[in-house]
Amino acid sequence: MKSFAAPGFSTSLLLSTLLYCPTFVSAQTSFLYKWAFQDTSIQTTIPTCTRLPIVITSFDTTTNSTRGSPPYYMIAFPDGGTPTTTLIGTSEQDASYTVLHPVGTRILLSVVDSDGNPGGTFAPQMVIAGSNEDCVVNPANTFTMVSNVTSELSTCEQLGIGISGGTAPYQISLVAANAPSVTNDTLGAGHNVYTYVNRASPGGQLLAAISDADGRWASGSVLLSTKGSTDTSCPGLLSSSGQGTITPPPSPSSSAGVSGQSSSTGNPGSSASQTSTSPPSSSQTDGIGNDGQNSNQTGGSQLGKNTNVVMGAIVWLLVGAVLPLLSRMHPALQIPEILNEIFDCFCPLSPYDDYANYYNFIAYEPSDKLSLLSAALTCSAFLQPALDHLWWDMDDLTPLFNTIPGFQPSNDTGTLGKIQETIAHETIQRLDTYRKRVHIYEECGKERVETSAYERILQGSDHDTLLPSLRILSITNSIPHLPLLLAHPEQIHTLRISQDQIQSVDAYVATSIKLLSGRVQTLVHLRLETFLTRELLASAFELRGLRSLYLRHADENTSFELDVDTLLDICSMPHLRYIYLDGDIRLIPNEWSSRQNTNCPALEDLQFAPRSRTPFKQVLRFLSSASLPCLKSLALRTECEPDDVQYWNYFFQTLVEKTSPRFEDLDLGDRSDINWQDYDLTLRDVPDLLKLQLTNFTSSGGMFSISSADVRSLISVWPNLRTLTLFTCPPTSFKFQTLVDIAKGLPHLGLLALAEMDMYDLPSADSIPILEDHDLFQLLIDPGESKVKDPKKLARLLDRLFPCLHTFGFMGPKDLEDCNKEVVSLLREMQKIRHNEICGCSKR
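Going by full-length UniProt numbering, the residue at position 617 of the sequence shown is 617; the numbering climbs one at a time, nothing skipped.
Hint data in this document are derived by calculation from the structure and do not stem from the laboratory.
Do not rely on the hints blindly, as some may be mistaken.
[To be verified] With a Cα cut of at most 30 Å, we get these calculated DSS-like pairs of lysine-lysine: (1) Lys617 x Lys735; (2) Lys632 x Lys744; (3) Lys787 x Lys821.
[Unchecked claim] DEER-style ranges, computed between Cβ atoms: (4) Asn597 x His806: 40 to 46 Å; (5) Ser478 x Thr63: 32 to 38 Å; (6) Gln384 x Pro53: 42 to 48 Å; (7) Asn477 x Gln384: 30 to 36 Å; (8) Thr44 x Pro70: 26 to 32 Å; (9) Ile128 x Arg448: 33 to 39 Å; (10) Ser624 x His806: 37 to 43 Å; (11) Pro747 x Gln521: 32 to 38 Å; (12) Ser624 x Ser708: 31 to 37 Å; (13) Gln384 x Ala424: 20 to 26 Å; (14) His806 x Gln521: 40 to 46 Å; (15) Lys227 x Glu421: 47 to 53 Å; (16) Glu421 x Ile128: 51 to 57 Å.
Yeah, the Cβ is synthetic: ideal placement off N, Cα and C, and Gly gets one too.
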């Protein structure tokens with residue numbers, strides 16, 4: 001599938017465009033080539049049954065750098081007849097065309113290549129007699145169209161087209177003379193009437209043709225002259241499709257009526273959409289006869305204001321004309337499950353069910369929306385899945401408002417967007433369909449719309465919430481419409497509010513969380529990075545279905561005091577598995593607390609952020625009062641007082657008693673001001689630490705004095721360690737032999753950070769074993785005061801121990817950067833020699 005890039009292409013424009021862009025073949029590129037008859041006298045007339053050579057050249061005649069893709073096809077649109085598609089050449093050198101239409105027919109001619117790239121159109125030509133008329137075919141056609149206007153069409157006048165026969169859904173093609181673009185629109189399922197509001201510039205010519213789902217053309221195409229006002233905005237008028245009948249006019253100059261029910265263009269049921277394409281060979285106009293802009297402005301969205309965007313991104317090919325020759329939609333593409341599989345390949349919709357990843361959650365942009373648009377332009381079966389995927393993940397709701405007639409967008413003077421008039425019922429129905437498609441909304445300050453506009457949508461809707469299918473909501477600003485988004489959520493399961501440097505409570509956030517509390521059972525992931533208050537936390541506590549909770553106090557000038565009993569209450573929530581506390585959150589005691597053994601039935605992961613300072617005594621109070629049968633991971637950054645040092649073994653003893661053998665991940669650090677060297681806290685002083693069955697251990701605060709013998713003890717007790725980080729106090733200068741002991745005793749270790757290690761006195765290479773299957777992926781070493789005497793030797797030793805090592809780095813002074821790069825470079829060279837072994841590492 002071809003992809004393309006367009007200057008200035010934005011998600012908002014893409015969505016606004018695809019709302020009106022139905023079923024086209026894969027994306028085309030304008031300005032590649034142009035065509036003309038070799039006989040330059042062919043202008044207003046063209047002979048029948050005569051081979052007419054065609055010259056096809058690069059559009060850039062200076063460099064000849066662009067070309068079409070053979071073979072080439074001629075699409076002939078006859079006034080009052082049936083359009084035809086003819087193969088005109090398999091290369092640029094052998095192209096020719098023979099007119100098959102009867103003498104007296106007026107036709108519009110357009111060339112496309114095999115990729116659907118356009119070459120431009122001629123002005124209408126009259127077919128005259130050639131050498132003979134033997135080739136003329138005019139078969140009977142039961143598939144017909146009729147219009148209520150047959151001669152002149154005024155600005156903003158409604159052109160009604162009725163369809164009989166053929167296979168629905170139908171497609172209308174509006175072809176302008178001497179213009180680079182063609183408007184294409186698909187009628188809704190079961191619709192047989194189309195009403196086009198004329199926004200073409202006066203003084204031009206416009207042809208309307210109909211094709212069906214099988215690629216057949218209807219007879220009765222109509223060629224009209226446009227006249228009237230140059231103001232083509234036509235406020236309040238929408239092109240539409242529906243069911244009904246068309247009354248032909250009694251005379252060519254008169255108009256007749258349209259009866260029946262219709263739906264505005266853009267109705268999801270009709271997949272109605274509009275787009276443009278094709279550079280002309282002899283025209284400087286754009287849109288349907290409009291200079292410099294696309295004239296087809298539907299649903300309040302003016303598409304194609306940027307010519308580069310229109311020409312580069314929304315390029316059109318006449319599907320009904322080329323489909324019989326180029327492709328037919330495979331029946332498998334009519335199966336929704338298969339379509340979803342296709343789209344998931346390049347625009348996956350992740351359910352984000354893994355709660356453990358939610359504290360880092362950001363609502364990601366789909367991988368390639370331009371490729372998605374290309375797929376949407378491929379065939380009719382792709383349109384609805386494409387719309388589903390394009391609307392699935394939004395960071396701006398402006399495209400939603402752009403579909404509303406009367407919506408006045410914001411401007412450079414600071415005026416917010418607003419809705420000027422009453423929203424029609426059919427517009428509300430269309431809005432509901434698009435609102436239901438939005439599953440992820442990551443607000444990031446792009447839209448500038450009055451709150452009243454959001455309220456107007458809700459007033460006319462059957463839904464009580466702005467986005468009824470919303471699953472994931474991410475907010476980075478204080479937005480007045482947040483309560484409207486969360487008033488009556490039906491499916492929301494993730495809420496992320498991230499506000500930096502906020503110095504007081506956000507009323508919109510407080511109101512919204514209070515609205516959710518006690519009423520929403522679907523919310524399972526909550527991330528609050530805002531000005532925390534007790535009231536806000538109390539509302540969060542009422543969300544009994546939560547599985548993960550991330551709290552960060554966003555004001556750096558104040559601290560949020562969280563008492564132990566409140567933390568116990570939160571941890572005891574029946575489904576809560578994950579808690580992350582960040583920012584200046586101070587754990588304080590409860591003056592009259594008598595809590596004992598509060599059960600935390602689901603809690604698996606409790607983390608205090610690295611920059612937090614948690615008083616050691618309050619940590620002990622919490623652990624002593626809690627029962628943690630499911631706890632697997634604990635991360636703490638304590639703030640110890642001098643009299644706390646003696647209780648560290650009690651801390652580990654409590655962990656052993658309060659947790660189960662499932663507990664396997666412990667990350668400890670200290671941010672207090674005490675000098676740990678004065679206390680010489682060794683592993684012998686905390687024997688209960690070694691009673692835990694850990695697979696991940698981090699001691700980053702320099703609290704413990706750890707010797708090489710202590711490391712060997714850790715290895716014997718925790719043989720299945722996956723990560724190990726040791727910062728000792730006072731800094732212990734481990735010898736390289738300690739690294740050898742770790743490599744031999746911990747074969748499954750994936751990450752190792754060690755401080756300090758003597759890098760000056762390295763052993764001989766022959767004394768270091770060759771370990772062919774060690775899993776170590778990342779190694780960080782702090783050489784302390786020692787110098788790295790021989791980087792080449794160090795690289796060789798590391799390569800013998802850790803054949804799968806991917807990342808190596810020195811922690812400490814910046815003057816080691818050059819040495820670090822040298823070691824890494826040498827390691828890479830050695831690993832290239834052992835390429836087969838490295839491949840084995842990747843498999844592990």
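Handout entry: Verdict for Thr44, Pro70 (Cβ pair) under range 26 to 32 Å
Key = Cβ of Thr44 to Cβ of Pro70: about 29 Å, so the range 26 to 32 Å holds.
**Request:** Could you say whether the range 32 to 38 Å given as a hint is met by the Cβ separation of Pro747 and Gln521?
**Result:** Between Pro747 and Gln521, where Cβ atoms are some 46 Å apart, the hint is violated.
At the C-beta level, are Ser478 and Thr63 separated by a distance inside 32 to 38 Å? 53 Å, violated
| query | Is 40 to 46 Å a correct range for the gap between the Cβ atoms of Asn597 and His806? | reply | 45 Å, holds
*Satisfaction of hint between Lys744 and Lys632, Cα-Cα up to 30 Å*: 26 Å, holds
| task | Would you check the hint for Lys787 and Lys821, treating anything up to 30 Å between C-alpha atoms as holding? | result | Within the cut-off at roughly 15 Å; holds.
Legend entry - C-beta pair Ile128, Arg448: status relative to the range 33 to 39 Å that was hinted: 59 Å, violated
Regarding Ser624 and His806, is the given constraint of 37 to 43 Å on their beta-carbon distance met?
-> 42 Å, holds
State, for the Cβ atoms of His806 and Gln521, whether the hinted interval 40 to 46 Å holds or is violated. About 44 Å separates the Cβ atoms of His806 and Gln521, which means 40 to 46 Å holds.
Starting from the hint 42 to 48 Å, judge whether the C-beta atoms of Gln384 and Pro53 obey it.
44 Å, holds
request  = Indicate whether the distance between the beta carbons of Asn477 and Gln384 respects the range 30 to 36 Å.
outcome  = 32 Å, holds
Practice item. Kindly confirm whether 47 to 53 Å is satisfied by the beta carbon distance between Lys227 and Glu421. Key: 29 Å, violated
When each numbered hint is compared with the structure, violations occur for hints 1, 5, 9, 11, 15.
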